[in-house]
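A.B. asks: Here is what each chain is made of, one letter per residue.
2 protein chains.
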Amino acid sequence: MKKDWDTLEVLKHARHDWLNKIQLIKGNLSLNKVDRVKEIVEEIIFEARQESNLTNLNLPQFASSLLTCNWDQHSFQLDYEVKKTLNIHHLDDQLLAHWTSRLFETLDACIEKFQENHLSVSIQADEKETRFFFDFSGILTDKSSFLRFLEEPVDSNTKIVVSAVSEEEVSFEIFTIPSQRV
Amino acid sequence: MKKDWDTLEVLKHARHDWLNKIQLIKGNLSLNKVDRVKEIVEEIIFEARQESNLTNLNLPQFASSLLTCNWDQHSFQLDYEVKKTLNIHHLDDQLLAHWTSRLFETLDACIEKFQENHLSVSIQADEKETRFFFDFSGILTDKSSFLRFLEEPVDSNTKIVVSAVSEEEVSFEIFTIPSQRV
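Which chain is which? The protein sequence lines are A and B, in order.
To convert, take the position in the first sequence, counting from 1, and add 104; that gives the numbering used here.
To convert, take the position in the second sequence, counting from 1, and add 104; that gives the numbering used here.
Careful: at least some of the hints might be erroneous.
Given that identical chains are not distinguished, each listed pair holds provided it fits within a single copy or across any two copies.
Computed cross-link-like contacts, DSBU-like style, restricted to lysine-lysine with a CA-CA straight-line distance of at most 35 angstroms [said to hold, decoys possible]:
1. K263 to K187
2. K187 to K116
3. K116 to K232
4. K125 to K187
5. K232 to K130
6. K137 to K263
7. K137 to K232
8. K217 to K263
9. K125 to K263
10. K137 to K125
11. K232 to K188
12. K263 to K142
13. K130 to K247
14. K142 to K232
If you are wondering where the hints come from, they were derived from the structure by calculation, not from laboratory data.
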């Protein structure tokens, strides 16, 4: 279920996330762990850069889905990495965002709640094609439904390849061939 | 001119603001000024609490105007303080937000750009009435127009009182008598 966030809500969630980081700094300062604080500061800056890279992909709806994912009541935590900043022009943002939203719903329905469920997304984009590597780790209660979802065609120039399936892990990759080449 | 912010834009601005604070921490850490870092952390937590208090006033449009003010291209910087957290039910949020937006526009037109112009807002709310104290300090190029704006009636149960006018300062107060008592 996609939720439209308004300014106050977005700021509230963002403030909550940032304050958690500040509290981590504060806690380590009070223990005089200055080196740990320096590490945390570097981690925060790294994360902010990923967020900024994601925002600059020119896929606003898809980026919003990922950025607000952990604020929705999902049964998994999401993290992401964007390897290269690139202004993507060859992808259908709306289609991708819609697929991502269905992925989140399907995952919620197929995993055990209140477990350490984790979805990592790694995005590699260049001028020719974009690859999204997804890695789920956690407790799947309905693996076959989830794999069936991954077999559904997205559109004519987008392919999904499942690269690993085990008891507690599913890895898959989506790559999109630029439409102008099809 | 009111701007509708979307999720990505709000997050981008919020990230920029928070990263400035993190950079301040980082800079002081690299100088081994640990006590200064502790002060900065406390300041950040205080500011976040003000932001949270403002959000919880039950005046969403007014709160959004203040929270996003410094992201617009105004010729002044805004800060605010909310003395008490209270869920306000006796104020017309839309009217107040509209007046605030006109205040910002009028101020922009009456002050010298690229100067240290500053608008402080202090909000005191209780069950019976809400008082908004505004304090402008900076370079006014058209004081009379600005004072004329403050003389315009807002609505029947909202009063503006100008408490101080000097070369580089204008202080005024808006207070609203609860509508049910009128």
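A.B. asks: First find the shortest C-alpha distance between K125 and K187 inside one copy, then the shortest across copies, and answer within, between, both or neither for a cut-off of 35 angstroms.
C.D. replies: both (23 angstroms within a copy, 25 angstroms between copies)
A.B. asks: If the cut is 35 angstroms between Cα atoms, do K137 and K232 qualify within a copy, between copies, both or neither?
C.D. replies: Neither way: K137 and K232 sit 46 angstroms apart in one copy and 48 angstroms across, limit 35 angstroms.
A.B. asks: Up to 35 angstroms between alpha-carbons, please classify K137 paired with K263: within, between, both or neither.
C.D. replies: Neither: 47 angstroms inside a copy, 53 angstroms across copies.
A.B. asks: Up to 35 angstroms between alpha-carbons, please classify K232 paired with K130: within, between, both or neither.
C.D. replies: neither (45 angstroms within a copy, 38 angstroms between copies)
A.B. asks: With identical chains, the pair K263 and K142 could be close in the same copy or across copies; at 35 angstroms between alpha carbons, which is it: within, between, both, or neither?
C.D. replies: neither (42 angstroms within a copy, 51 angstroms between copies)
A.B. asks: State whether the alpha carbon distance between K232 and K188 is at most 35 angstroms within one copy, between copies, both, or neither.
C.D. replies: within (13 angstroms within a copy, 55 angstroms between copies)
A.B. asks: Could you figure out if K142 and K232 sit no more than 35 angstroms apart (CA to CA) within one copy, between two copies, both or neither?
C.D. replies: For K142 and K232, neither the intra-copy (38 angstroms) nor the inter-copy (48 angstroms) Cα distance is at most 35 angstroms.
A.B. asks: Give the relationship of K130 and K247 under a CA distance limit of 35 angstroms: within one copy only, between copies only, both, or neither.
C.D. replies: Neither: 42 angstroms inside a copy, 45 angstroms across copies.
A.B. asks: Is it within, between, both, or neither for K263 and K187, if the alpha carbons may be no more than 35 angstroms apart?
C.D. replies: within (20 angstroms within a copy, 56 angstroms between copies)
A.B. asks: Reference check for the pair K137 and K125, CA-CA at most 35 angstroms: within, between, both, or neither?
C.D. replies: Cα proximity of K137 and K125: in one copy and across copies (15 angstroms, 20 angstroms).
A.B. asks: Should K217 paired with K263 be assigned to within, between, both, or neither, using CA atoms and 35 angstroms as the limit?
C.D. replies: Only inside one copy: K217 and K263 sit 29 angstroms apart there, 54 angstroms across copies, limit 35 angstroms.
A.B. asks: Indicate which option fits the pair K125, K263 if close means a Cα-Cα distance not exceeding 35 angstroms: within, between, both or neither.
C.D. replies: neither (37 angstroms within a copy, 42 angstroms between copies)
The structure does not agree with the numbered hints 5, 6, 7, 9, 12, 13 and 14 stated previously, though it agrees with the rest.
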